[in-house]
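Peer 1: Sequence:
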Amino acid sequence: MAKQLPPASFISAEPTIVSSSIDQRSATGSNRQKGLRKGSHYSYEFALAPLDHADALRWLDLRNEADTVIVEIPQMGLEVGSPGSPTVDGDGQAGASLDVKDLTPNYAILKGQAFNHIGSDDTIRIYVADADVIADGSGNATIPLETMLNWPPEDGDVLVFAEVRIEGFASVERGSFLQDGEGWHHIRFTVEEPG
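Counting in full-length UniProt numbering, the sequence shown tops out at residue 195, every number present.
The hints are simulated quantities; they were obtained by calculation from the structure and are not laboratory data. Careful, some of the hints might be misleading.
[As the list claims (entries may be wrong)] Derived DMTMM-like pairs (lysine to aspartate or glutamate); straight-line CA-CA distance at most 20 Å:
(1) 111 with 65
(2) 111 with 132
(3) 111 with 99
(4) 38 with 136
(5) 38 with 102
(6) 3 with 91
(7) 38 with 146
(8) 101 with 132
(9) 101 with 157
(10) 111 with 130
(11) 38 with 52
(12) 3 with 136
(13) 38 with 121
(14) 101 with 61
(15) 3 with 163
(16) 3 with 72
(17) 101 with 65
(18) 3 with 67
(19) 111 with 163
(20) 101 with 136
(21) 3 with 155
(22) 38 with 72
(23) 101 with 193
(24) 111 with 67
(25) 3 with 132
[Claimed, not checked] Beta-carbon label-pair distances, calculated as ranges:
(26) 179 with 67: 23 to 29 Å
(27) 91 with 20: 22 to 28 Å
(28) 50 with 121: 32 to 38 Å
(29) 136 with 173: 34 to 40 Å
(30) 23 with 49: 24 to 30 Å
(31) 132 with 25: 31 to 37 Å
(32) 151 with 179: 28 to 34 Å
(33) 158 with 136: 38 to 44 Å
(34) 74 with 25: 36 to 42 Å
(35) 80 with 138: 18 to 24 Å
(36) 138 with 67: 24 to 30 Å
(37) 15 with 181: 17 to 23 Å
(38) 175 with 15: 45 to 51 Å
Here a beta-carbon is modelled for each residue, glycine too, at the ideal position from N, C-alpha and C.
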């Protein structure tokens, strides 16, 4: 069962695509092709603002080996606005775009804006818009994605734009729970989606 981690003040949060694409080169090295495949997903490297000992203890679930953790992703400087109550528009979608309905009419999704898809397995997945998109007057949009869809979306699946989170397995940087001479902990960790 996923462990929800507490709200935090972040120094940094760096997203990375963990690629499953195929990189092919000719024998002479003169030609290169890249083939997209389902399975590329996200990893975030986080650095928290210094925590006192009592607050650091609330983050011990990062060391959990059996369960995933859920961390809210800061989208610093991005005004998300009022996206409405967006959901997936239609079954059977595949590839690197997602049809969405129930957005606020004329809602603007920015290139690089992250959002969550909560699939039928209740796992939280992150997708990132690959271009600016504006919903039509009915609140419908097709969002081009940086990665291919990892889970078959079903009509009506929930999409979250306001409080985006990552769910995955955590790895903690060595020394993160070491208390410095002034009583502070400097926690750094990475969370990677299962894919």
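Peer 1: Hint by hint, say whether it matches the structure.
Peer 2: Consistency of the hints with the structure:
{"no.": "1", "hint": "111 with 65", "in the structure": "violated (35 Å)"}
{"no.": "2", "hint": "111 with 132", "in the structure": "holds (5 Å)"}
{"no.": "3", "hint": "111 with 99", "in the structure": "holds (16 Å)"}
{"no.": "4", "hint": "38 with 136", "in the structure": "violated (28 Å)"}
{"no.": "5", "hint": "38 with 102", "in the structure": "violated (26 Å)"}
{"no.": "6", "hint": "3 with 91", "in the structure": "violated (30 Å)"}
{"no.": "7", "hint": "38 with 146", "in the structure": "holds (12 Å)"}
{"no.": "8", "hint": "101 with 132", "in the structure": "holds (16 Å)"}
{"no.": "9", "hint": "101 with 157", "in the structure": "holds (10 Å)"}
{"no.": "10", "hint": "111 with 130", "in the structure": "holds (5 Å)"}
{"no.": "11", "hint": "38 with 52", "in the structure": "violated (42 Å)"}
{"no.": "12", "hint": "3 with 136", "in the structure": "violated (37 Å)"}
{"no.": "13", "hint": "38 with 121", "in the structure": "holds (17 Å)"}
{"no.": "14", "hint": "101 with 61", "in the structure": "violated (36 Å)"}
{"no.": "15", "hint": "3 with 163", "in the structure": "holds (17 Å)"}
{"no.": "16", "hint": "3 with 72", "in the structure": "holds (12 Å)"}
{"no.": "17", "hint": "101 with 65", "in the structure": "violated (37 Å)"}
{"no.": "18", "hint": "3 with 67", "in the structure": "holds (7 Å)"}
{"no.": "19", "hint": "111 with 163", "in the structure": "holds (17 Å)"}
{"no.": "20", "hint": "101 with 136", "in the structure": "holds (10 Å)"}
{"no.": "21", "hint": "3 with 155", "in the structure": "violated (27 Å)"}
{"no.": "22", "hint": "38 with 72", "in the structure": "violated (25 Å)"}
{"no.": "23", "hint": "101 with 193", "in the structure": "violated (25 Å)"}
{"no.": "24", "hint": "111 with 67", "in the structure": "violated (32 Å)"}
{"no.": "25", "hint": "3 with 132", "in the structure": "violated (33 Å)"}
{"no.": "26", "hint": "179 with 67: 23 to 29 Å", "in the structure": "holds (25 Å)"}
{"no.": "27", "hint": "91 with 20: 22 to 28 Å", "in the structure": "holds (24 Å)"}
{"no.": "28", "hint": "50 with 121: 32 to 38 Å", "in the structure": "holds (37 Å)"}
{"no.": "29", "hint": "136 with 173: 34 to 40 Å", "in the structure": "violated (45 Å)"}
{"no.": "30", "hint": "23 with 49: 24 to 30 Å", "in the structure": "violated (38 Å)"}
{"no.": "31", "hint": "132 with 25: 31 to 37 Å", "in the structure": "holds (33 Å)"}
{"no.": "32", "hint": "151 with 179: 28 to 34 Å", "in the structure": "violated (40 Å)"}
{"no.": "33", "hint": "158 with 136: 38 to 44 Å", "in the structure": "violated (20 Å)"}
{"no.": "34", "hint": "74 with 25: 36 to 42 Å", "in the structure": "holds (38 Å)"}
{"no.": "35", "hint": "80 with 138: 18 to 24 Å", "in the structure": "holds (21 Å)"}
{"no.": "36", "hint": "138 with 67: 24 to 30 Å", "in the structure": "violated (40 Å)"}
{"no.": "37", "hint": "15 with 181: 17 to 23 Å", "in the structure": "violated (33 Å)"}
{"no.": "38", "hint": "175 with 15: 45 to 51 Å", "in the structure": "violated (23 Å)"}
In the structure shown, a violation is registered for the earlier hints numbered 1, 4, 5, 6, 11, 12, 14, 17, 21, 22, 23, 24, 25, 29, 30, 32, 33, 36, 37 and 38, in ascending order.
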